[in-house]
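Given the coordinates of chain L, assemble chains Z and V onto it according to the supplied hints.
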Amino acid sequence: MTALLEVDGLSVTFPATAGDFRPVRDVSFSVDRGETLCIVGESGCGKSLTALALMGLLPKWARRDARRLELQGRDLVGLTERQLADIRGRRMSMVFQEPMTSLNPAYTVGEQLSETYRRHYLSRRGVARDRAIYLLETVGITAAASRLRQYPHQLSGGLRQRVMIAMALICEPNLIIADEPTTALDVTIQAQILHLLSALQKRFGMGMVLITHDLGIVARVATRVAVMYAGQIVETGTVDEVFANPLHPYTQALLRCIPVPGRVKRGEHLGSIPGAVPTLMGDLGGCHFRNRCAYAHAACAPDPILMNEVTPGRGYRCVVPAAICAARGHGAAA
Amino acid sequence: MTDVVLEARDVHCSFKVSTGFMRPKRLLRAVNGVSLNLRAGESVGLVGESGCGKTTVAMMLLGLIRPARGEVRLDGLPMHELDQRDIARRVQPIFQDPYSSLNPRKRIADIIALPLRVHRMGSTDDRRKKVVEMMDMVGLSPRYADSYPDQLSGGQRQRVAIARALIMRPRIVICDEPTSSLDVSMQSQILNLLLDLQRELGLAYLLISHNLAVVEHMAVRAYVMYLGRVVEETDSEQLFRAPAHPYTRALLASVLTPEPGRGVPDTHLGVAYANSIDPPSGCTFHPRCTKAMAVCSTIVPHPVTHGATRHVECHLYSEAPNPAPV
Amino acid sequence: MADPGFPPDTLGLVPMPSRRAVLSRRVFSHVGLLIGAGLIAVIVIMAIFAPVLAPYDPYAQDLSNRRIPPVWHAWINDHHKASWAHPFGTDRIGRDYLSRIIYGARISLLIGTLAMLISGTLGTALGVAAGYFGGRIDMFVNFLVTTRLSLPLILVCLVIVTLFGGSITTIILALGFLIWDRFAIVMRSVTLQIRNLDYVTVARANGCSSAYIIFREILPNVANALIVVATIEMAVAILLEAVLSFLGLGVKPPLPSWGLMIAEAKTDMFFDAWLIGIPGIALFVLILAINLVGDGLRDVTAPERRA
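Protein chains in written order, with the numbering used here: chain L, 3 to 336; chain Z, 695 to 1020; chain V, 39 to 345.
Treat the hints as calculated values from the structure; they're not laboratory data.
There's no promise every hint is true.
Just a few of them, taken from the derived set where beta-carbon distance is under 8 Å, the chain Z residues facing chain L [stated by the list, open to error]:
1. 743
2. 889
3. 948
4. 958
From the three backbone atoms N, C-alpha and C, an ideal C-beta is built for every residue, glycine too.
Bound-form chain L, shown alone:
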């Protein structure tokens, strides 16, 4: 069986006179049904643009290239805007970060929910309404029927994000792309929303791409992980592999940066990554992490570093053999 989503060699380029800005470079991954792929990275690493590129929602002046971009075996490259609109919402849908700005303040929750459904199924008003109520109940909103008449500003942040999720699910898509769905929310609400997302994903057997900067979320939600740095995926693997045995120096450094109650002693220094993320203009040549890496040496440049595949689905982008990398990462493992 082919994978649900198959991405091979995805790049995003913003042409500019001073030199092309290339925030996403040759990104490849696949997502199966019932699987959650977490793309994790810091701000500016290209993870959000990857999501927008998948949905075909990039700004008009951006250029998207891919060797392969398939959803359920159907090629997404070269579709017209209309064909794409048929797929968006129906086959794959997106949950955005800021629930306040992603809901239209001028329409009620009910109107916005049933709009998507009626766009794809051309059903009667009543059917769409029943469906909207059913979904609001599914995402844990009580008194759903009365909520339909409310406007987004009458709901709290957590409820708005639930509505967003209901809206994404209303046509039973096969793939959900969630871009930092809980970053704007409080911690307790975050836990609730993530709990809900995982439960719904299992229940409907969907594939999910979750984009986040929070390693805690990755560890708890992901089936597989892709670590992004400076436009590239630098490490992939199952969540257990990546957290127990991080191979890429960036992943290792990142894991050392977060305080974990009970593991890092209070008041002790946390790990840190010196230096700054490179500007993603033109060709960077060699390893993108080499200016911040503790182990950088002459072999890191100028030739581009390829993904080393350890086992199928488990890879890292570094010139050093896996055994040495694993030994270095020993202290960082969770």
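Below, chains Z and V alone, put in the same frame as chain L:
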């Protein structure tokens, strides 16, 4: 202990907010009787979700809002009798967003020197020397002195904010979410810096945060706030080992540590959310509480000491009414 | 950190260009701004050096040379009187039209600039005070703005001119005290936004005076918005002067105001259209130039722009 440098005694604060077009203004009780203290050289956490009143508490501790009831004491003196400049010599803030905390039209050196200018300390050359010294201390290259904030990264901006807060050598720093808008790698650098500076300068920190892992790492003691009240006060260790209040438990369960295989816990908090305009009767947490009893919706719990927990406001721990669970 | 064999390469760490470099690059790549600034420069030079540039005295009447058409009539319909002696022709009492247009620029710019400065000072002071202090001051300023907006401009000017006579000073003061509303509204909302930013809170926590906060922390950050409103209001003032003069409520003859020139020419509109056309085009070019500069400045000084 006598070395309490900053203390809030039963402070209250409310705002008038409009609830909609043509509707009467209503009272939002942002802070509803909070007491807390900070000792010299100590880090204390103040934990709670947005809207729980923790930022209002910070404003009162900085002398920017006068409590409607109760008082804030700084070095044993009532805050409202002190001049704002006297307060600034002892307490300084660091805010969450390093983008809005630096004036984009000022040079870095001028931003850091602001407190010195206000207090007319030293000549221009003296100030410049101090600024360079301070930049060095927070790990900023002095070549940024004449740059503008938009030429710096988020982490560097937060270093500027820290330098500005410390240039007067205050004894207390109120850090309002100092790292929550930063990337993971920047967050760890800033936390390390704050720890080093504390050791070097003997600072006391009030660390306001929603991130319990950060609080646990930095602070020895923590206050947990819910809807304008401190519902639990305890040592950090106790907080993580045996949280007493059901809200603290939910908060702790929501901390997602990077441990694969544990999944996302169900906090059982329900979708009812905290509204400080219309706070629930009795214990304000009861609509979301998994352990709610009949008494919780009618009677406000009183603070009690429970074992190693210094202070908890919950009927589970009060001796007197001992009703059966609902 | 890196071993010695590994050269510390730049790795895309593009050095941040200086503020001035960014600004000048933006200015010189903004065509509208350059055109507008060029046109304004020409008109300003014209106004300043009017006595040198004008070929005749703008008030000198020459009744033997009335209604001479502009020079291009000599080429188009071979008009025997049109010549380079009067490039824009003469009006109905024989005054040189080019000289009057050149001197007219003085009046338009003088009235536009001064009225804009007066209204700008007034409106900014009110707006910033309302936004910064809030409460009763805000309510009072809002009341003033509403009152001002309910006054019909032309009718108020009519009253003022009947009471005090139509001198340039009267017009400048009348306009200055009438068109401050946009300044007040824009400055109030911008100040409200900035007032809640953390750097203002830090200044307050350090015991800075309100004056320091307003002048050093807030005003530098509202400058962008202020410049844009100022250009709009200047254009409005110039147009209003022309309208008032056209209606006979503005400056009095024989001053060479462009609006007045149009008014004087309206009886001849169907016979000698250039008498209206030339001052009309002058007015159009000046207003267009000011608006181009205003739009340009807004684009150029905007903090974030597509790279």
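Outcome of the hint check:
1. 743: Result: holds, 4 Å to nearest chain L Cβ.
2. 889: holds (6 Å)
3. 948: Constraint on residue 948 of chain Z satisfied, holds at 4 Å.
4. 958: With Cβ-Cβ at 4 Å, under 8 Å, it holds.
The structure fails none of the hints (numbered hints given earlier).
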